[in-house]
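For chain A, the structure is supplied; the task is to place chain B on it using the hints.
The listed protein sequences derive, respectively, from chains A and B.
For the first sequence, our numbering begins at 1 and goes up steadily by one.
For the second sequence, our numbering begins at 1 and goes up steadily by one.
By construction, these hints were calculated from the structure, which means they are not laboratory data.
Just so you know, these numbers come straight off a predicted model, no measurement behind them.
It cannot be assumed that every hint is accurate.
[To be verified] Straight-line Cα separation of at most 20 Å, PhoX-like style, residue types lysine-lysine; simulated pairs:
1) B/K53 to A/K232
2) A/K184 to A/K45
3) A/K277 to B/K53
4) B/K53 to A/K276
[Claimed, not checked] Examples of chain B residues lying across from chain A (beta carbon under 8 Å, computed):
5) S52
6) D167
7) E172
8) I173
9) F175
10) G176
11) T188
12) F215
13) Y229
14) Q264
15) A267
For every residue, glycine included, the Cβ atom is placed at its ideal position computed from N, Cα and C.
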Amino acid sequence: MKVLKIATAGSVDDGKSTLIGRLLYDTKSLTDDKLEAIERSSKQKGYDYLDFSLATDGLVAEREQGITIDVAHIYFSTATKSYIIADTPGHVEYTRNMVTGASTSQAAIILIDARHGVIEQTYRHFFINNLLRVKDVIVAVNKMDLVDFSEERYNEIKADFQKVVDKSDYEDQNITFIPVSALKGDNVVKKSESMTWYNGQSLIEHLEELDTDDIYNKGITRFPVQYVIRPKTEEYHDFRGYAGKLYGGDLKVGDDVVILPSQTKSKIKDIYFYDKKYQSAARRSSVTVTLEDDVNVSRGDMIVRVGEVPTIDKRFTATVSWMDNKNLQPGSKYVLQHGVNKVLAKVSAIHNKINPDYSGIEEGVDSLKMNDIASISFQLNKPIFFDAFKEHRTNGSFILIDPQSNNTVGVGFIEK
Amino acid sequence: MTDKLYINQLENEAIYIMREVAAQFEKPVLLFSGGKDSITLVRLAQKAFYPSKIPFPLMHIDTGHNFPETIEFRDRLVKELGVELIVRNVQDSIDQGKVKEESGRYSSRNMLQTTTLLDAIEEFKFDACIGGARRDEEKARAKERIFSVRDDFGQWDEKNQRPELFDMLNGEIDFGQNVRVFPISNWTELDVWTYIENEELEIPSIYFAHKRNVFLRDGLIWSASEHVYKDEEEKVEERMVRFRTVGDMSCTAAVDSYAETISQVVAEIRDSSISERGARIDDKRSEAAMEERKQQGYF
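The shape of chain A in the complex, shown without the other chains (with noise of 0.2 Å):
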C-alpha cells in the first residue's frame, strides 16, 4: 500500500470541505455513523441536501462560523492507496496553515470557483505549491453546476491559470485541470454525465494513477544523524550505531563516506532496522548504520557519500516565509532548526519582499510581518551542511525559533 499526502487550497466558500467530504463519501469511506452525524446536521440546518462539509470542519469555531481555521487531517484509503489530505484554510491570514500543509504533501488540490474564476487568493495558492516544489498540482474548477457546465467557462479559467504557471520557474511540476461540482458529486469519483465534453480522468482517477514514488523528492543521499545508540551490554558492548532517517537517495553496506562536519571519512559496515541486517536502506527509511572506523559522532552531524559533499557555510540566502505576530527584523536572532540540528543565526539582510501573487519583488524592506514572503541572508554561529531548495526538499529547509517565545516562527527554503 502506497500513501499519498495531498494539501488542499481554496478560498472561503470554494467548496473545499464539500469536496473531501464528497470524496469520502463517493470512496465510501464515512462510516454509518459519521453520515447519520451530517444527515441529522443538515436537517436540523434546513438544508436539502448533505453538508458533506460537516465531515471535516472539527473546532467548535469552525463549526459556527462554518469556516476552516486550521489544518485538518482527513484519512480515507481506496484497494490501492492511502491517502492523508491535509485540509488547509484558504483566507489571507493563513498563509501559514496553507505552508505548512504543503510541506507535508507530495501533492495538492486548488480549488477554483467556476462562478469567480482566477482570483487573487488563486495566485497565492498555486505560489505557495510552487515555492514548497509540490510536484503534483491539481486545478479543480468546481461548482460546474452553477454555471451550467460550461466547457467555455472551463477553458476561460484554464487559460487564465496557464497564465500563472507560465510565471513559473519550476519546470517537473505537472499541473491538471478537472471541472468539479463537489455539490453533485460529477467529475470527483464518478464521471460527470452533465460535462460529456470533458475527456480527462476524474479526481481520484487521476490520484490513483500518480506514481508516489515518483513524486517523492529525489536526489542526493542524505544522512543526519538523530541519535546515538549505545547499549553498553555485554553483547552489544562495543555497538555504537548512527540511528536516523534516509533523505534523498539510498546508502549500502560498504559505501565510502565522509562524515561531517569533522569531515572524516569511514565506510558503512551494517545497516540494522529493528533486530535484522540489510545490505542497503531506501530513502525515507528510519535505519541504524554502523561504521568501519571508531569515529566520533553525534546529534546534528551528517553521514554522506564520498564525492558528494554538500555546501557547508555558515553564511547562506534563502526565501523565508514568516509566521509570527513579530515582527523579523534586521539583526533578529533565532534558534536556527535544520534537519534535527539546531544553530544560532542572525539575520544579516532583508533584501527583498516577494509579493507571492507573481506581481513582482519588493524592495527597501526593513521588516518582515505574518505571512509576508522574502529573501533573507543570514549568518550562524556554527557551519551547516546544506543544498539548495530547488535540489533537496528536506536538506534545502530549515524552521526558525523564536529563543523567547519557543514557537516555531519560520520556515525558510535555501537559494545559495
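Chain B only, in chain A's frame:
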C-alpha cells in the same frame, strides 16, 4: 532492504518521532493503557532504539475500572521488555478529594483520569508524554500536532498551535510546560490492526470475540459489571462480543463479533460501517465532547 519495509512509510515516520523524543527531551514517558495503540507504540519504541532498551519508562493511569485482562497483559509485557512501569491510580485522586466520582446512569471515571495524569506529570517532572492518539479517531484530534505543547495547567490551546513543517519537530519548551507526542498520528484504525498482524504482536484477549454478560442501552452493548451503572429494567444477556478499544469499562461499548484471530479482526474492521469511536460512550455526550476534554488536559 525488503519491499515490505520500504513501503511501510508510517512505521518509518513513527520511529523517527520516537527518536526525536529521546533526543530532544530530558524526561519522556510513554503513556501505556494496555490497548492496541499503546502496544503498537511500544513495538515502535523497541524498533527505534534496538539493540538498546527503550530509554524511557511506561506509565499507566489506572482508573480501577479496567478490564482485568488488560492489567494481566500489561504486567506480562513490561516484564518481557525489562522497562520501568509507573502506575498512578484514579482511586488515589478520589481518596485525596481532588476529583469527585460521577454518579448515575452515565457515570464514568474516564474524565477523572485527567487530574491523575496531570499530577503524575508534575510528580515525575515529565517533559514529554508519548501517547497513541490518532488523527482519524475524532474531529478535534484531526487538528492535533505531532508535538503538541501543553501549558503549566496541562491545557491545549488549539488556536495557537505551532506549525509543523516538513519533518522538523520543535521540542523547545519552558520549564513547567510539557509536550504530548503522537507518533501514530497519521495511522488509521485499520493501519494499526494491519501492523499488529504483520508484527504478530500479542494483544489483550478482550479484543477477540468471547462470551460476555452484557446489556443494551441506547443501541450500544454495555458490559455488565460492578463498575457500570445499570437500571433494574436493563436486562443482562450473554452475547458473543469483542471490544474495539479498551478504555475504562464504563465508557467502552462492545460490538457483536465472531472474530477470533487477528486476521479475522482485520477483515471485520475493513468491512465495518461503524467508526471506532462510535463505540465510545464518552464521545456521544456532545458534538464537541472531545475538544472540551482536550482543552482541559485529557489525552
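Review point. Hint by hint, which ones does the structure fall short of?
Key: 9, 10, 12, 13, 14, 15
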